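So the protein lines, in turn, are chains A and B.
Throughout, this note's numbering is defined as the position within the first sequence, counted from one, plus 482.
Throughout, this note's numbering is defined as the position within the second sequence, counted from one, plus 1.
Wrong hints could be hidden among the right ones.
[What the hints assert, rightly or not] Here are the simulated DSSO-like cross-link-like pairs (lysine-lysine), alpha carbons at most 27 Å apart as the crow flies:
{"hint": "1", "chain 1": "A", "residue 1": "597", "chain 2": "A", "residue 2": "561"}
{"hint": "2", "chain 1": "A", "residue 1": "500", "chain 2": "A", "residue 2": "597"}
{"hint": "3", "chain 1": "B", "residue 1": "376", "chain 2": "A", "residue 2": "561"}
{"hint": "4", "chain 1": "B", "residue 1": "390", "chain 2": "B", "residue 2": "258"}
{"hint": "5", "chain 1": "A", "residue 1": "928", "chain 2": "A", "residue 2": "824"}
{"hint": "6", "chain 1": "A", "residue 1": "561", "chain 2": "B", "residue 2": "379"}
[Unchecked claim] Derived coverage of chain A by chain B (criterion: at least 3 residues anywhere in the stretch with Cβ under 8 Å from a Cβ of chain B; other residues may be distant):
{"hint": "7", "region": "525–534"}
{"hint": "8", "region": "560–567"}
[To be verified] Examples of chain A residues toward chain B, derived with CB under 10 Å:
{"hint": "9", "residue": "522"}
{"hint": "10", "residue": "570"}
{"hint": "11", "residue": "594"}
{"hint": "12", "residue": "598"}
{"hint": "13", "residue": "744"}
{"hint": "14", "residue": "755"}
{"hint": "15", "residue": "761"}
For the record, the hints were derived by calculation from the structure and aren't laboratory data.
None of the values given here were measured: they were computed from a predicted structure.
The beta-carbon is built from N, C-alpha and C at its ideal position, and this holds for glycine as well.
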Amino acid sequence: MEFEPVIGLEVHAQLSTKSKLFCGCSTQYGAEANTQTCPVCLGMPGTLPVLNREAVRMAVMMGLAVEAEVRPRSVFARKNYFYPDLPKGYQTSQYELPLIEHGRLRTEPEDGEPKVVGITRIHMEEDAGKSLHEGFGEGVTAIDLNRTGTPLIEIVSEPDMRSPQEAVAYLKKLHSIVRYLEICDGNMQEGSFRCDANVSIRPMGSEEFGTRTELKNLNSFRNVERAITFEMARQQEVLEDGGHITQETRLWDADKGETRSMRTKEEANDYRYFPCPDLLPLDVPETLVEEARGSLPELPDAKRERFMTEFGLKDYDASVLTTSRELAGYYERVVATGADAKLAANWTMVELLGALNKDGRDITESPISAENLGVLVQRIEDETISGKIAKQVFEPMYAEGIDPDTVIEREGLKQITDTSAIEAVVDEVIGENEGQVQQYLDGKDKVLGFFVGQVMKKTGGKANPQQVNQIVKEKLDARKG
Amino acid sequence: MVRELTLSRIRQGLREKEFSSREVTQAYLDRIEELDPRLNSFTQSFREAAMAAADAADERIARGEARPLEGVPIAHKDLLATVEGRTTCASKMLEDYRSPFDATVVERLAAAGAVVVGKTNLDEFAMGSSNETSYFGPVRNPWNTETVPGGSSGGSGAAVAARLCAGATGTDTGGSIRQPAALCGVTGLKPTYGRCSRYGLVAFASSLDQPGPMAPTAEDCAHMLGAMAGHDERDSTSVDRPVDDYPGALEGDLSGKVIGVPAEFFTEGLAPDVERAVRAALDQYRELGAEVREIHLPHYPYAIPTYQVISAAEASSNLARFDGVRYTHRTVEPENLVDMYESTRAEGFGAEVQRRIMVGTFVLSAGYYDAYYLKAQKVRTRIRDDFAKAFEEVDLIAGPTSPTAAFGIGEKAADPIAMYLSDLYTTAANLAGVPGISFPCGFSEGGLPVGMHLMANFFREDLLLNAAHRYQQATDWHTRIPEGF
């Protein structure tokens, strides 16, 4: 039997506020343990939370970016459970009345059609601390509460995705948006952007959902894809063996490449949610929504559309160039130098991104400035160099961070466009290859390429290929008499 | 020397340099040392810090820089966080806990010049109506040391009644200021929810808790409230609204004021001697020019069960932080993490606290939330609506504070329901959020004080203080001091 998966994602994004959700402590990552804490985020007796309005503004921006509704009144609730790194014994979150509901996101899977994924809700909550199990001796756990109270948004999707690739495309799009909005640094390694996946499978064509499992600890795009792929196969095997799927939470083990059971629904917590009596309902005035709307940057979809109309790019190219705000900005700066937009797109995507990917670098770390790449593209356009030579120019630009004209000058790569100079070389080649001349005269037109090749070889590839073609043909045809 | 003096009188005497803060502070500290062993109303006293504060106050007075409560010795309920000493909440759980910060009301009273002589005993985590649940043992009522002082601010009530301090803070979740004020024969005011900051008040039930003053007279309470009230950025539920001039509001005439008396108050649970005293007080109010008329608060009888559900629910969550992980009591050598939680909490919390945590956990649990917690919230709205409607017609609502005068130690300890009924008349004000005041209006047949209870609309503390003050000008119940103290 053929199965299809039903996938929904829950994404936690850490908001880039300077201070925590309910107190003034810093949210800076990596400080010495427990140095960024105060009585409030430690949950000391008598302390009370005070909501960080900047976090609300950021969450509202996210809501607007995914075309969602911002609730004029939402409510913070307490989610009660005991855990050593949860100082108050409850997490302040939103439950029944979240800040944001009913959004949608267009995604572009790499090998598939663009697709719209529904967003059920986005709610605000505080992060917990960290338990450290290593380095303190056998059976000893230490607690670092620096992260406690860090503002998060949880973005819950509809179960709309039907393949691991679609899930990854959705996640990448969300990742791109939070970074466009500058509300989250998107660092998956540090956990500022993390994802749980709800996965079930059902017979192809079936309308009913199967029993789902929740996959945790997916800390990279690649692991999301791997974990879902593994889980689909595991569930299929269970079903084909006549078993049934247990609703449970499963942990992804990236080293072993498998998911394993963490806890089943039977032992799941009863969180005893209830409205937090220490916080008033969160009223978001229309003015705040308008302010957030006003501060929205151009988002990937709008940018993609504009790149297509303004620069004549294809959908795919425009999508790639708009994956991040930094990349799109880089590309726009290349074009701003006066470089041809399509050629600039090719050079940015193929050569530059190729090189960066190989090095595991980000566009922001590009050794070639947008301005220099723009000049390189222009040197192709104004025929100073050929496209082929341009690749030779690109390499030292990338390696040394220098501008293209310096490279062209230094390495003598300037294209030969002087007709008489080219004619001299053509004459030389014709003189040296009488046999091939005869072949041409006998009607073998293909041999023309041989002469062009020889000329290019003698000029070190610097001769203008169009001119070479033309001159070779003229000279040979002249022999025909 | 301080035995006969009210807070207001001490305040005045200090300003007029009849005596020094050093003298009165010393006198109170000596009284605590001498008399408190019979009452157990303090968990600790701060002789050194108090004397230093008194000297500083005397210097300010000498320089003519006296602040509103400059040099006046008061005590804080040990549910309020203080940097000085320990913040125990009368629990084994927090026996040695030192707070890194002061509660906002503690800070404000200090900023007004008050001198803190110590911290008063209470029911553990403010859960109780008799002060018998304290880890440090029961507090005794100075009017009869075989009886309870009421609770949970019983230590404050007893300390003020025995004149071991000029005034004290209390906190009121379901009557915890007013009921002990009544049983101890002092004046206690629960402000409007949000009038005083809860920051630093160790939470029992966040949506009900409110700190307030306890002192011999309404005038005393007016001075204390003036210093305590006001918006606090650290408490989102504190209201940003100007603070009234409470001392300035005391003298207003009561003629034309309408006092509503709910028929629902005079039920069979009300002791006849308490009813007699309260009815006599109502007559007094007629003499003072007020109109007294019967009104109805139809949902009043549901206040106790509603309060029990909501307060327990919030308490179960608020007390989760006492898990032995970061501070305070932790069980010795737990087998594993779950055992650490369970043993720590089983050892650290007393029976009443455990009972309420369990009730609260139950009413919030997935299958019962709608039937209990949600239902209680709906009833709470009805109770609030009853008040809103009543205050369209009347300025004040009057009745007894407590159905009986002080009862014997141990008398109701085994019967939680009977104990919960002590708060019959007070809890509705917390559910609605309106202010209430209790002050002495007579004595029971056994010679124990009886309290009169007034409630007013939101932020009408001025009316409550005014009405109590006028009554106290016309009567002398509030001037009685228990014999032997």
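So, going through the hints one by one against the coordinates:
1. A/597 <-> A/561: violated, 34 Å
2. A/500 <-> A/597: Violated, at roughly 35 Å.
3. B/376 <-> A/561: holds, 20 Å
4. B/390 <-> B/258: holds, 17 Å
5. A/928 <-> A/824: violated, 32 Å
6. A/561 <-> B/379: holds, 21 Å
7. 525–534: holds (count 9)
8. 560–567: This one holds; 4 residues, not fewer than the three required, reach chain B with a Cβ under 8 Å.
9. 522: holds, 8 Å
10. 570: holds, 5 Å
11. 594: violated, 40 Å
12. 598: At 34 Å from the nearest chain B Cβ, residue 598 of chain A fails the 10 Å test, so the hint is violated.
13. 744: Check failed: Cβ of residue 744 of chain A comes no nearer than 16 Å to chain B, outside 10 Å.
14. 755: Holds, about 8 Å.
15. 761: holds, 6 Å
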